[in-house]
Amino acid sequence: MIIAVAVNLKQLFKHQRNYPWPRPDTCPQCSAGGLWGHGFVLAYFDDLSGGVFLRRYRCPHCGCVIRLKPEGFFRRFQASIATIRSSLTRRLTGDRYLSGISVSRQRHWLNGLTRNVMARLGIHWRGRLLDGFECLIARGYVPVASSV
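Numbering (this note's numbering), first residue to last: -5 to 142.
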């Protein structure tokens, strides 16, 4: 299970394993208290020059492993939601993709968005992909995921 928390990425990069991660009060799966520390997992984000360690906890009652991640990022994406939104907005309004990020990666986001909007919202949304992006987020989907 992944829980998004407010994190200062630069401070996280600086302090790594010593970053003061918040400990969830209860398990999100079974609502039991007393979560145990369960180590760290290395993750990479576009805004940083190297990897950072994300905190994990384990519920002693149900065995659920909880990983904390910075807010503002989709699950399994290194680019922030704001960066992805900006890239799609530029491209869909007739401008070029953002510089500094590979075009193939940004094209992957656009193709994923198109596929998800068509599959989840219907063909009548094809001309309103940016609206579809926001609608899919509101429904709890990752709008640029490669799988539907």
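Source of the hints: derived by calculation from the structure; they are not laboratory data. There's no promise every hint is true.
Here are the simulated distance ranges between beta carbons [to be verified]:
1) A(-2) - S96: 24 to 30 Å
2) A(-2) - C56: 26 to 32 Å
3) R99 - G134: 22 to 28 Å
Even glycine gets a Cβ: it sits at the ideal position worked out from N, Cα and C.
Hints, one by one, checked against the model:
| no. | hint | in the structure |
| --- | --- | --- |
| 1 | A(-2) - S96: 24 to 30 Å | 26 Å, holds |
| 2 | A(-2) - C56: 26 to 32 Å | 21 Å, violated |
| 3 | R99 - G134: 22 to 28 Å | 24 Å, holds |
Taken one by one, the earlier hints fail for this structure only at number 2.
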